[in-house]
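From first to last, the protein sequence lines stand for chains H and U. Using numbering that gives the first Met the number 0, the letters of the first sequence correspond one by one to residues 0 to 309. Using numbering that gives the first Met the number 0, the letters of the second sequence correspond one by one to residues 0 to 99.
A portion of the hints provided could be inaccurate.
Stated by the list, open to error - Derived DSS-like pairs (lysine-lysine); straight-line CA-CA distance at most 30 Å:
#1 U:LYS6 - U:LYS80
#2 H:LYS191 - H:LYS159
#3 U:LYS80 - H:LYS159
#4 U:LYS7 - U:LYS80
#5 H:LYS191 - H:LYS17
#6 U:LYS80 - H:LYS84
It is worth saying that the hints were derived from the structure and are not from the lab.
Here's the letter readout for the chains.
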Amino acid sequence: MDPVILFFALGLLAGLAKSDLRLPPAVYELLSILLLLSIGMKGGVELAQQSMGNLVPQMLAVVAMGIVIPLMIFPILRTVGRLDKPNAASIAAHYGSVSVATYAVAAAYLNTSGVEFEPQMALFLVLLEMPAIMIGILLARGLDNQTSWGRLAHEIFLGKSIVLLLGGLLIGWACGVEGIAPIAPLFFDLFKGVLALFLLEMGLIAASQARSLRSNGLFLVLFGLIAPLPLAGIGALVGWSIGLSVGGTTLLAVLAGSASYIAAPAAMRIAVPEASPTLSLTASLGVTFPFNVFAGIPIYHAMARWLHAL
Amino acid sequence: MMIEQRKKLTVITEAALESTLGPVLLEQGASGYTVTNARGHGSHGARDGGWSSSSNIRIEIICDYPVAQAIAEHLLENYAKNYAMILYLSNVDIFRPERF
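Chain U on its own, in the form it takes in the complex (with noise of 0.2 Å):
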């Protein structure tokens, strides 16, 4: 079986950027990514997702190096300043490398 290293970016940020982010993310050279559900306290306060305008998402993206690297870069550029975002890079052993 193939296994294969790759960087895995976390984005934890406002729902109300997710349509924003996705086409972005796409634009960068992800070939997908994974959105879920978060809340928890942070810089901005508790962010309880009880309703839309405090909810939380956590987007994952499994790519190569260069990859993540353009993506944060982007985020950080131009959405970090004004939105609650976190950001952070792992590795992680794939499987089925010719997806990512």
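Only chain H is shown next, with the shape it has when bound in the complex (with noise of 0.2 Å):
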């Protein structure tokens, strides 16, 4: 088994026992800014390498689906889950966004496989963060009252990730590989060790969202255990259509099957204020994040490779 996901198991259990176990809130801050940095420096760097040819269409496809499905989700979780409507538009929100740490581990995972990506799955990453919240606000708001879009597009595309994630994209970009070589021992070789640390945080921070679970019923267990299963399907079947490898379907079913829990839930605080963050933050932190890490990683993988297969 890989470290990593030991890591986050420490810190899961550590924190269903309450230890004492904390990292301190800037070092969390630290470790978040060196992976964001880390991963869009990667893309970067091998963008730089290749022509953008049929990047466009991909893009807008990748677009499309961060588009798709939370309206998908949303009257399920309406019908099924009996849920009112800003709830419904916020859990939408966090599962159509995507989650840099299931990211982190899922690339992790495949390095250690030894499969390749396309450089690019950086770039969707970004792509995949915005589309869904803008979405779950419509689907909670409507069009015809006021909401302040400027300060939410101020929220959204300005917020710590798309900066970093973006920042890092060109940066790696522009100075190449061997521009990269004096700062590659910190991003790059010790992306595993900071991820090991990081995902130590995140395992404690999930245990207190899934003490919470009890009391917020068994449809946000059943639903974060399942939908990302379908979504992950989803995201193999287009990474699969725009002509991306086993690895960049794998990644593309990994980011459709996670769920946001750092930029759905700052914007939905902030725009659909009746939607519980308790509720979202469970589901996508407490259930759905701990399932991809142990079990949905493998699961896409083998989707992918069966897709690429037939």
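Work from the hints to combine the two standalone chains into their complex.
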């Protein structure tokens, strides 16, 4: 088993057992900054080495997927889950948007297995973060009221994760392999160590969310466990049909099957205050994230291999 | 030395609101405010400050009574329903009264 996953398990167990273990918030912040920049720069360095030919149609397909997923989930949450409009819209936005940590674990998994993937995956990660949040706000609010889109756009497009991922992409792209070499030890060589520490804290956070599971009903737990599979299936189909490799298809499936726990909660808290942050975070962080880390990623890899063998 | 009485309005609320509330406070007549990180336990559960979605802030505003009242009314009307929010007022003796 991959050590980074064991670090996550350690954090989860320590959290559930109410250990006093906790990473200082500033350290967690630094680790997430390092991860976002590493992922961005890695993509940027490799993008610089290849032609951008069919990138635009691929990007459009990925954005379309980001719009369609929340629109599909919303009616299910409303009818099967009997959730009110704000909560259904908020959860739809969480599941349509993506989790960078899940992506990082999946990228590490593919590297360990010796599977290559396209450099533009980091770009797709950025693209998938935003559309679902917009759709979620529209589903909850409609167009006819005083949502201040200017402020929200600022919140969403200039959020930490987008700035660092895009910034990293541009820096990597501008510098190329040789230019990046002097800082590579920090960002690339230490990647897995940073990811391990980051996941330790993620385990603690997930445990604190999981504790509120009991009070939040069976539906959310089932939704958090089941939804990632068909969603990842959609991601795998899209990845396969836009011509991604097995590795790229796996990562797009991972992105589609993952749920946001940073960008979406922050935006939803401001745009849709009636929605309970506990409900959406319990599902995305308490159930779906651990499921994807422990079981989902190998399943999505198998899906991608199966599609490519057809 | 000039010492005068003013009100201190303390607002304990979600960190997510910090950027929203800043301009609101100034609009309602505050001449300034101080924000510190906070954590604790209440009707919204444990808010331990471990990461952004569960952290609290404490905002302190020193002002005269009408301004404190205007701010409190605005916050209660617009935010208290959907956000974790505790408000209280205390008397403070301040130096340099021209600043408040």
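Here's how the hints hold up against the structure:
{"no.": "1", "hint": "U:LYS6 - U:LYS80", "in the structure": "holds, 24 Å"}
{"no.": "2", "hint": "H:LYS191 - H:LYS159", "in the structure": "holds, 21 Å"}
{"no.": "3", "hint": "U:LYS80 - H:LYS159", "in the structure": "holds, 28 Å"}
{"no.": "4", "hint": "U:LYS7 - U:LYS80", "in the structure": "holds, 23 Å"}
{"no.": "5", "hint": "H:LYS191 - H:LYS17", "in the structure": "holds, 26 Å"}
{"no.": "6", "hint": "U:LYS80 - H:LYS84", "in the structure": "holds, 17 Å"}
Checked against the numbered hints above, the structure violates none of them.
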